[in-house]
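Enquirer: So you can see what is in the structure, the chains are spelled out below.
Number of protein chains: 2
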Amino acid sequence: MKSVGVAILGFGTVGAGVADCLTRRRGVIASRAGVDVRLVRVADLDTETDRGVALPDGVLGADASAVIADPAVDIVVETIGGTGVAKKFMLDAIAAGKSVVTANKKLLAETGGELFDAAAAKGVDLYFGAAVGGGIPVIRAVRDALAANEFVSIAGILNGTCNYILTRMEKDGLRFDDALAEAQSHGFAEADPTLDIDGFDTAHKICILANLAFGRGTRLEDVEIKGIRGISVEEVAAAARAGGHVKLLGRAALGPDGRVEVTVRPERVPAGALLGCVEGVYNAVEIESEPAGKTVYVGKGAGRNPTASTVAADVCEIARNIARGVVRNV
Amino acid sequence: MKSVGVAILGFGTVGAGVADCLTRRRGVIASRAGVDVRLVRVADLDTETDRGVALPDGVLGADASAVIADPAVDIVVETIGGTGVAKKFMLDAIAAGKSVVTANKKLLAETGGELFDAAAAKGVDLYFGAAVGGGIPVIRAVRDALAANEFVSIAGILNGTCNYILTRMEKDGLRFDDALAEAQSHGFAEADPTLDIDGFDTAHKICILANLAFGRGTRLEDVEIKGIRGISVEEVAAAARAGGHVKLLGRAALGPDGRVEVTVRPERVPAGALLGCVEGVYNAVEIESEPAGKTVYVGKGAGRNPTASTVAADVCEIARNIARGVVRNV
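Residue numbers (the numbering used here), protein chains in the order written: chain A, 1 to 330; chain B, 1 to 330.
It should be emphasised that the hints constitute simulated quantities derived from the structure, not laboratory data.
Keep in mind that the hints are not guaranteed to be accurate.
Since the list gives no way to pick out one identical chain from another, each pair is judged satisfied if it fits inside one copy or across any two copies.
Cross-link-like lysine-lysine pairs, in silico, DSS-like; alpha carbons within 25 Å at most [said to hold, decoys possible]: (1) 122 to 87; (2) 171 to 294; (3) 2 to 122; (4) 87 to 171; (5) 88 to 294.
If we strip away everything but chain A, and leave its shape as in the complex, we get:
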């Protein structure tokens, strides 16, 4: 059985989840993928904190550049986040001929084109399944399962913090500020919740989906964004009385003029619509395409384990590609 070496840059929550998944499920992965996927290097400036993942001696180090240069590393997983050093390391890895996996939606939405062009020029793979929907394989659905479809529209609940807040407001009558404070105390809203509640995180994700489904024409600045900050409990209750639900939706649709319109805003989802049934930290994406018709994908949109599942699936597919000497390159 061929063997493929994987390195993880960034040993935070997601990086640790990926390391845990790849090491604990190495046997299952090998039996399914037909490739031995070995975690050979992990880089993080903090090499002391216990992340609860047992790494073999010598795997964890602080020098990301040395990891990228290591000939034993075939695939580099970027779980650093942000748009600074994460981008530099990804470009370095691509330049070194390594395939790259990332879940960095902000980076992809803002400057993805540069990364994709670099990967294509170098003939390596760049996968980003976990950048949208966490554990929901919606990127794969658009890219593979619906490969013979023409896309009509995509609408998604793409931010778990917002959906948690709206669910608590609807089910338990909490005011926005109280629901947000609760989400923060549970640890799934950031201390600065702007990226979530003002709709920017949703915008990053719908922008990535729009470009995947409709072609690379949508820039982040083209997205009309309205978040849920300050939404009133009365508005949420009024929707509920009519059997509906207020949800923050990212939406991309092909307009009659052939232009792709991309919006983020709270919408009233009518009674009986599936997206209305998606509660709490769950995310969901509804895709209308031909000939498949409507398909919907639901799961946990963030968090260590769901994100690790999707990153690991990307690693597995690239490992198969490497073992066969092919790149996806699409």
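We have chain A already, so just place chain B on it with the hints.
Expert: Structure of chain B alone, referenced to chain A:
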């Protein structure tokens, strides 16, 4: 751009849908797959009936064996159905070195092992994405997106006729016989509805999913099957009064002893559960796995267009494999 030749055996509802999708979306498919997927032959004993699909001259013929032998054919799509001649042609195609795509759940559930073994021995691909869930990419989810997961349980609404009947009984108070008659008049229940309402179709599908997720140990005769025939409107109404819904569920779960238990039976889905929100002819599959957690996939489970979407996606992936000289072979 490389070119791959496709043949369709069986020019019925699904076959015509696949022909329509492949010919009308040839350009889109080529741009995404990087391969020119050409429909070169269609075989059906009836070469006269108009299926509303424009085929180039010389494509349609009655001799399936000649189609299989044609060196221009790289991929054979089986849309004949049943377990007789469909199986023979698939084995013939595999023996001739052609990769095969099928949506034939009955055949796969009953004698799939023989087909998979033949394909593996010959080094060709055998894809069956549309055998479960029609337009829902649940086979791909289990096989690819959750490749690094360990499966805990799978529960699915896998038969649109039953779900239509149960939805009509719940929403409109129809009795079982009347809802069934209505489904038949709409054309989505067969004249002999046994396969649907007695749970056998659901059993075929959950058996395929169980074998994919948990390994090839489940035989159709191991599945405990109870359908919805004669279910009372009172039972359905009682569930609805409690906020729940009666659904025919196929279920596969890993038991505490490591055995896989597979059942088909009407279950009361509690209020708030996503599967309860799936109405009418829609199908849905809920998968519990680690580390992804719960993921749910929803879409139209049958019909010409949804099925064609998934068959065409399989054709696209095999075409990419052929263009690169690889087989999936897992």
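Enquirer: Confirm or reject each hint.
Expert: Outcome of the hint check:
When the C-alpha separation of residue 122 and residue 87 is checked against a cutoff of 25 Å, the pair qualifies only within one copy, where the shortest distance is 16 Å, while the shortest distance between copies is 44 Å. Taking CA atoms no more than 25 Å apart as the test, residue 171 paired with residue 294 passes between copies only; the shortest distance there is 22 Å, against 28 Å inside one copy. Taking identical chains as interchangeable, the C-alpha atoms of residue 2 and residue 122 lie at most 25 Å apart whether they share a chain (23 Å) or sit on different chains (21 Å). With identical chains, the CA atoms of residue 87 and residue 171 are never at most 25 Å apart, being 41 Å at best within one copy and 53 Å at best between copies.
In this assembly of identical chains, the alpha carbons of residue 88 and residue 294 never lie at most 25 Å apart, being 39 Å within a copy and 34 Å across copies at closest.
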